[in-house]
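**Q** Here are the chains, one letter per residue:
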Amino acid sequence: MTLSFLFPPKKLMSVFILITVLLMGFVCSLYGQSEFSLRVNDVWNLFVSYDKSNINQQIILSLRLPRSLTAAVIGFNLGIAGLLMQGLTRNPLASPTLFAISSGAACLTALNSLTVASIGGLSNEAVAFVGALTGGGLVFLLGGGLSSNQNALRLILAGIAINGLLTSLTRAVLIIADDMAYSLLHWLSGSLSGIDWSSWSQLWPLSLLGLFIATSTCRGLNLNALGEQTAASLGVNVTWLRIRICLAVLILTSISVTVAGPIAFVGLIAPHLARSWCGSNHFMLLPAAGLSGAALVCWADLVSRNIIPPAETPVGIITALIGTPFFIYLILKGKR
Amino acid sequence: MNRYNKILAISFVLLIILSVISLSLGVKSLTLETVFNTVINGGDEDFIINQYRLPRIIISILVGIGLAVSGVLTQGIIRNPLASPDLMGISGGAGLFACSSLLIWPEVHSALLPLIAILGGFSAAFLIWLLNHFNHPSPARLALVGIAVSAFLTSCINFILVLHPVEMNSAMIWLTGSLWGRNWDYIWPLLPWLIILVPFSFYLAWSLDLSALGEETATSLGVNTERLQVLALSSAVALASVSVAVCGTIGFVGLLAPHLARLLVGPRHKLILPIAALTGALLVLSADTLSRNLAPPLEMPAGVLTAVLGAPYFIFLLYRYKGW
Chain A
76 MTLSFLFPPK KLMSVFILIT VLLMGFVCSL YGQSEFSLRV NDVWNLFVSY DKSNINQQII
136 LSLRLPRSLT AAVIGFNLGI AGLLMQGLTR NPLASPTLFA ISSGAACLTA LNSLTVASIG
196 GLSNEAVAFV GALTGGGLVF LLGGGLSSNQ NALRLILAGI AINGLLTSLT RAVLIIADDM
256 AYSLLHWLSG SLSGIDWSSW SQLWPLSLLG LFIATSTCRG LNLNALGEQT AASLGVNVTW
316 LRIRICLAVL ILTSISVTVA GPIAFVGLIA PHLARSWCGS NHFMLLPAAG LSGAALVCWA
376 DLVSRNIIPP AETPVGIITA LIGTPFFIYL ILKGKR
Chain B
1350 MNRYNKILAI SFVLLIILSV ISLSLGVKSL TLETVFNTVI NGGDEDFIIN QYRLPRIIIS
1410 ILVGIGLAVS GVLTQGIIRN PLASPDLMGI SGGAGLFACS SLLIWPEVHS ALLPLIAILG
1470 GFSAAFLIWL LNHFNHPSPA RLALVGIAVS AFLTSCINFI LVLHPVEMNS AMIWLTGSLW
1530 GRNWDYIWPL LPWLIILVPF SFYLAWSLDL SALGEETATS LGVNTERLQV LALSSAVALA
1590 SVSVAVCGTI GFVGLLAPHL ARLLVGPRHK LILPIAALTG ALLVLSADTL SRNLAPPLEM
1650 PAGVLTAVLG APYFIFLLYR YKGW
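If you're matching them up, the sequences are chains A and B in order.
Positions 76 to 411 (my numbering) are the ones given, in order, by the first sequence.
Positions 1350 to 1673 (my numbering) are the ones given, in order, by the second sequence.
Just so you know, these hints were derived from the structure itself, not from any lab.
For glycine and all other residues, C-beta sits at the position ideal for the given N, C-alpha and C.
Among the hints, a few may not be true.
Far from chain B, by Cβ distances over 10 Å, these chain A residues were calculated [claimed, not checked]:
1. V96
2. C103
3. Y125
4. K127
5. N199
6. S264
7. D271
8. S274
9. L298
10. W315
11. R319
12. N356
13. T399
14. F402
15. I403
16. L407
To give an idea of the interface, some chain A residues facing chain B are shown, with a C-beta separation under 7 Å as derived from the structure [to be verified]:
17. I134
18. R229
19. L240
Quick list of simulated restraints, FRET-style, between CB atoms [as the list claims (entries may be wrong)]:
20. B:W1454 x A:I382: 15 to 25 Å
21. B:P1514 x A:I130: 52 to 62 Å
22. A:I383 x B:G1530: 19 to 29 Å
23. A:F287 x B:Q1578: 55 to 65 Å
24. A:Q133 x B:V1515: 44 to 54 Å
25. A:S355 x B:P1548: 33 to 43 Å
26. A:R165 x B:Y1668: 15 to 25 Å
Could you build the full structure based on these sequences and the hints that come with them?
**A** This is the structure we're talking about:
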């Protein structure tokens, strides 16, 4: 009974399509575009009859698989983070990129990794978390997110300004620490090029934690969509809900940035895709937004490797090229 | 001497002082005496002073003037305090065209570059105009559209730079704006445009004052508002574009300078224009001087420093802005 309420057939279809798209992107990025001639067969054989001496399978196992998995999980994280932010602020333009959460995390990580200002011997994840908190906090404070008559556009514009500021600071830091600059410049626009199994093991535990917290906020978000006062009168502890959402967003975004740099606009696009397919129930939206984000990053990664074959385009540039027109569309649509 | 002349004189003197300081500071710091001697007579330091620092200073002053005047014209016509050539995506368009023409066709003649940049600036402006024409967004929303368009163009630049990897400093010119490696060769393509367009904007100043009273009042006072809009916006686009062609998209100067000028001398455009031009020149020059001297011999892009200054000011503007 409850299950049929949660998964009406039409929505089930869209989730099914989403998963198919994701899987296709995933598999394609496992074998597509390589110096070696990898084929679908190799992927198939890797799972069915693993052969240790087969070079193609080894490539897929040690290079492609961690990369594709990481791409998918990062997309999942960013999609969910965007969804939570849009649900919390009820602002269709809210996303980790536009609220300077990604660039805050990136800025502090860059500072830390170049030891221009080593921050108390914290791990990279913790530094990124603090950076994400700083970036997002600044936007909320300066954009008037705390005042009663908060304005959606002002918040976004403040977010963009702070985003610009933090990106500039990061660039300045990169130039001062000249010797490592070029690889970091790549990382700064979001790149999946150096991913291996160690990044994967760094990524998944915190992502799981973030996902767990995010799932716990679904009911609250559904009620919050009716307005904060209504939600409060229906028994939602709004403050606690907000804290959990912020925590989830910060964890999900900062771990993604630590691994692959700020991949722009995924957190903005994925929730909108999900909403157009799955309606407004957050129990459905959460997996749908995550899957859309994952599919998006997988496909973008595939494209980024195909543009100038031996070299790699940072995947963040591809998502930014897709995301900014979509952003413009959202701004213009939002008027009505 | 009235207040206006005082402000004008003070900013002019400041600009001169700053130029002299900028001439003497650098990886190799020189005494003021050497600087004066070298500028007049040449000598041992001729290369550092006359071939390296002096052209950069002149270019930063020219670019500052260009961006500031462009900002005054844009804000005067659009009457949106958040409008400026770089936030409207015009600098982005010019930067994209200039950068891609340089990377795809490296032997492009330097006199042609401003023209290509202007083409890019006009394309971006046309795009914004189209979006505005069919959708009529509110002023704040229009600002957001402009920013989104310029974000898109910046990611295009980013993309092109990945396709054609270049040296870090030249990449920075197009990503954030920088005066790295600019010498006398870059002054000549820039100068004629400024010599024509800056006086022309003074000629428009009076009509801009009237158009601030509202379109109908301006028309009844004899201003051809449509013609004014086209002329002023075209010169704004051209000024911003030629500046961008030389040193990339130095952000926020076109936003800051007109606001500062208006704060100092009130709303009349004839008074605003010179002050804004001087302020813009001061901004770019001090950003460039700092960028050379913060961590020598490394260089920061000047655009990073103007962004550090400009972004907080932008947020301050958001605070004061009431027309949501």
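**Q** Determine for every hint whether it applies to the structure shown.
**A** Against the structure, the hints:
1. Distance check on V96 (chain A): its Cβ is at least 24 Å (rounded) from any Cβ of chain B, clearing the 10 Å threshold; non-interface status holds.
2. At roughly 22 Å from the closest C-beta of chain B, the C-beta of C103 (chain A) stays outside 10 Å, upholding its exclusion from the interface.
3. Residue-level check passed: Y125 (chain A) sits 36 Å from the nearest beta carbon of chain B, beyond 10 Å.
4. Even its closest Cβ contact with chain B, about 36 Å, leaves K127 (chain A) beyond 10 Å, as expected for a residue assigned away from the interface.
5. With a cut of 10 Å on Cβ distances, N199 (chain A) stays outside the contact zone with chain B, its closest approach being about 24 Å.
6. Remark: the non-interface label on S264 (chain A) conflicts with the geometry, its nearest Cβ contact in chain B lying 6 Å away (cut-off 10 Å).
7. Non-interface call for D271 (chain A) relative to chain B: holds, since the shortest CB-CB distance, roughly 22 Å, exceeds 10 Å.
8. Consistency note on S274 (chain A): stated as away from chain B, and its beta-carbon is indeed over 10 Å from all of that chain's, at 21 Å minimum.
9. Every beta carbon of chain B lies more than 10 Å from that of L298 (chain A), the smallest distance being close to 28 Å; the non-interface claim holds.
10. No Cβ of chain B comes within 10 Å of the Cβ of W315 (chain A); the nearest lies about 30 Å off, and the non-interface call holds.
11. For R319 (chain A), the requirement that its beta carbon stay farther than 10 Å from each beta carbon of chain B is met, with the minimum near 28 Å.
12. The Cβ of N356 (chain A) sits about 29 Å from the closest Cβ of chain B, beyond the 10 Å cut-off, so the non-interface label holds.
13. With a least beta-carbon separation of about 4 Å from chain B, T399 (chain A) fails to lie farther than 10 Å from that chain, contradicting its non-interface assignment.
14. The Cβ of F402 (chain A) does not lie farther than 10 Å from every Cβ of chain B; its closest approach is about 5 Å, which violates its non-interface assignment.
15. Chain B draws I403 (chain A) into its interface by the beta-carbon criterion, the shortest separation being 5 Å against a cut-off of 10 Å.
16. Under the 10 Å C-beta cut-off, the non-interface status given to L407 (chain A) relative to chain B is violated; the minimum distance is some 5 Å.
17. Given hint, I134 (chain A) at the interface with chain B, is violated; its Cβ is 24 Å from that chain's nearest Cβ, farther than 7 Å.
18. Because the smallest distance between the Cβ of R229 (chain A) and any Cβ of chain B comes to about 5 Å, under 7 Å, the interface hint for this residue holds.
19. Taking 7 Å as the C-beta contact cut-off toward chain B, the hint placing L240 (chain A) at the interface holds, the least distance being around 4 Å.
20. A hinted range of 15 to 25 Å for the beta carbons of W1454 (chain B) and I382 (chain A) is consistent with their spacing of about 20 Å.
21. Range check, P1514 (chain B) to I130 (chain A): about 29 Å between beta-carbon atoms, so the 52 to 62 Å window is missed.
22. A hinted range of 19 to 29 Å for the beta carbons of I383 (chain A) and G1530 (chain B) is consistent with their spacing of about 26 Å.
23. For F287 (chain A) paired with Q1578 (chain B), a C-beta distance near 56 Å keeps the hint of 55 to 65 Å intact.
24. Taking 44 to 54 Å as the suggested C-beta distance range, the pair Q133 (chain A) and V1515 (chain B) does not conform, at roughly 36 Å.
25. The given range of 33 to 43 Å is broken by S355 (chain A) and P1548 (chain B), whose C-beta atoms sit roughly 58 Å from each other.
26. Checked against the hint of 15 to 25 Å, the C-beta distance between R165 (chain A) and Y1668 (chain B) comes to roughly 22 Å, which is consistent with it.
Hints 6, 13, 14, 15, 16, 17, 21, 24 and 25, counting from the list given before, are not met by this structure.
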